[in-house]
Amino acid sequence: MSDEIVVTPHAIGEHTIEADAIAPDRLASLSQLEIARLPVWAGGRPARLGDIFSVRGERASTVRIDGDATHVDGLGSAMAGGTLHIEGSAGRRLGAGMTGGAIHVLGDTGDDAGSAMAGGLLRVGGRAGDRLGAARAGAAKGMTGGEIIVLGAAGSEAGAGARRGLIVVCGDVGAHAARGMIAGSVIVFGAAGAGAARWSKRGTLVVAGTVDVEPTFGFACTYRPPHLRLTLTYLRAKYALPIDDGYIHGLYRRYSGDMAELGKGEILQWVTE
Amino acid sequence: MDEIAEIDEIRGVAIDDTFAEAFTMHAARVIITAKTTRWARQAALELTGFATSVIACKCEAAIERDIPEAESPDGRPAVSVLLFTVDAESMGKRLVERIGQTVLTCPTTACFDGLPGAETRVAVGRPLRVFGDGFQASKVVGGTRYWRIPVMEGEFLVAETFGVVKGVGGGNFLILAESADAALEAAEAAVDAMAGRAGVILPFPGGIARSGSKVGSRRYPEMVATTNDAYCPTLRAVTTSALPEGVHSVLEIVLDGLDADAIAGAMRVGITAACRAGVRAISAGNYGGKLGPHHFHLRRILAGDDAGAAAR
Chain A
28 MSDEIVVTPH
38 AIGEHTIEAD
48 AIAPDRLASL
58 SQLEIARLPV
68 WAGGRPARLG
78 DIFSVRGERA
88 STVRIDGDAT
98 HVDGLGSAMA
108 GGTLHIEGSA
118 GRRLGAGMTG
128 GAIHVLGDTG
138 DDAGSAMAGG
148 LLRVGGRAGD
158 RLGAARAGAA
168 KGMTGGEIIV
178 LGAAGSEAGA
188 GARRGLIVVC
198 GDVGAHAARG
208 MIAGSVIVFG
218 AAGAGAARWS
228 KRGTLVVAGT
238 VDVEPTFGFA
248 CTYRPPHLRL
258 TLTYLRAKYA
268 LPIDDGYIHG
278 LYRRYSGDMA
288 ELGKGEILQW
298 VTE
Chain B
-3 MDEIAEIDEI
7 RGVAIDDTFA
17 EAFTMHAARV
27 IITAKTTRWA
37 RQAALELTGF
47 ATSVIACKCE
57 AAIERDIPEA
67 ESPDGRPAVS
77 VLLFTVDAES
87 MGKRLVERIG
97 QTVLTCPTTA
107 CFDGLPGAET
117 RVAVGRPLRV
127 FGDGFQASKV
137 VGGTRYWRIP
147 VMEGEFLVAE
157 TFGVVKGVGG
167 GNFLILAESA
177 DAALEAAEAA
187 VDAMAGRAGV
197 ILPFPGGIAR
207 SGSKVGSRRY
217 PEMVATTNDA
227 YCPTLRAVTT
237 SALPEGVHSV
247 LEIVLDGLDA
257 DAIAGAMRVG
267 ITAACRAGVR
277 AISAGNYGGK
287 LGPHHFHLRR
297 ILAGDDAGAA
307 AR
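In the order they appear, the protein sequences are chains A and B.
Using this note's numbering, you'd call the opening residue of the first sequence number 28 and step up by one each time.
Using this note's numbering, you'd call the opening residue of the second sequence number -3 and step up by one each time.
With the rest of the complex left out, here is chain A (with noise of 0.2 angstroms):
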């Protein structure tokens, strides 16, 4: 048994390498040579994860990525507990359908990151694609549960279809944020894009700069949401976030909607300290 399980690249090629094998309660239990013949893809041909990363350490519920893993998807997907650190960049579906444990990613991540998420936290140092906390292509429900932090801007479509949990993206998100959203939180400190919150049924999207309201939003008032001075009192103090008590004491204008369904969901949209 050791402290840590460290996995690194060294043979990934210009294919992409699906290796949802690699999550932390998976290898918890796993020698080292298990772990190098555990199955993933590498360009759509099976392989084994010792072809393409090497591998120190075994039975430890702690796994890092040492090196760049922009092109290897599915990493943490479906985990249920552990920690798992990449210390550059991940690819597609990174921490997909997790229901707990910790992914802490030091540089970007694809698209899909966290999609169906239930549980557990997707820390991302840098920027989001397309898709975060979102549903799987077909599903009716993005994550039900967990928390996502985004240091970096996200893509488009950013909790869309979430049913619960928290999304909180420092910088900038693309088009559709929150789209159909069902419950749940998403929050974001920077602009967002085009198609906010549509068709959401209940649920707060959060924007400290700029949005373009839909029409099927009504304005309700300007006001100071207690939950979300409580939300980001809590944000601050557990991840350390520099959000500054301009947003957590702030006013916020609330729009409510999309009456083009439920009407229960709300677009806060920061005013103002």
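Just so you know, the hints here were simulated from the structure itself, not pulled from any lab data.
All clues given are correct.
Covered stretches of chain A, going by a simulated chain B footprint (3 or more residues, C-beta under 8 angstroms):
hint, stretch
1, 244 to 254
2, 257 to 270
Heads up, simulated EDC-like pairs for lysine to aspartate or glutamate below, C-alpha to C-alpha not over 20 angstroms straight-line:
hint, chain 1, residue 1, chain 2, residue 2
3, A, LYS228, B, ASP129
4, B, LYS31, A, GLU300
5, B, LYS54, B, GLU85
All values derive from a computational prediction rather than experimental measurement.
Built from N, CA and C at the ideal position, the CB exists for glycine as well.
With chain A fixed as given, assemble chain B onto it according to the hints.
Quick look at chain B alone, frame taken from chain A:
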């Protein structure tokens, strides 16, 4: 076990060789935040009003302490309140009616559970949410569900459930003084010394009770409690008095706590502060040790023996 030297007097004030007898109760901690300390405290005062004794008030409650903004759940001024009931079920009822009438109604407040780790939970925000008449919404923050209830001012935020733990109710000590003025000054000094201690409240007005009671009645069978005639100075000549010569007024400090250690620690500080000029003795109320499982022996507490003090 090493013998601990018991303390039988402080600054010339006799410490009676007796103990306070206390009971197991159920406790909840309510944290109220508001825009300013004024409004947090106002809501806390309303919440803890008419809550001196479970005998008639159905609960005992008081402000525990002010919470600095840095420790507050939402970063605003906060006040912590402890509330005690005889059982967990009635705790839920008391919290719902009191928070619903005094915190929900108070400008700028939000209401949080101060015992999030407690296994026993009672629903508070869940029943209160229907005041929102269908416009209410919930939000999960850090694994805890809160209810957002729309009100004319904006929104009231309240935790869905509150934790309940077993606590101790009825810790007490009596200040036997030469005059009413001396008794009050000593009691005030004791209250000031105990103020702000975590895990303890003094549920009576200003922390002081002038009307200590005995169980039952010598004359009225329907009465649960009547005046403690043995400690009433005006009855010295007509009843079996417990008052030493020279004592002309008695005040009582009653303490409820989250555990026996909290009460013992507060009693030590309070009694020490109360031992001053004009006070003849410090005593305590008990029922012969047959009713309550928690016994706080005054002399042992003052010697720093909290564990021994709380043993039956």
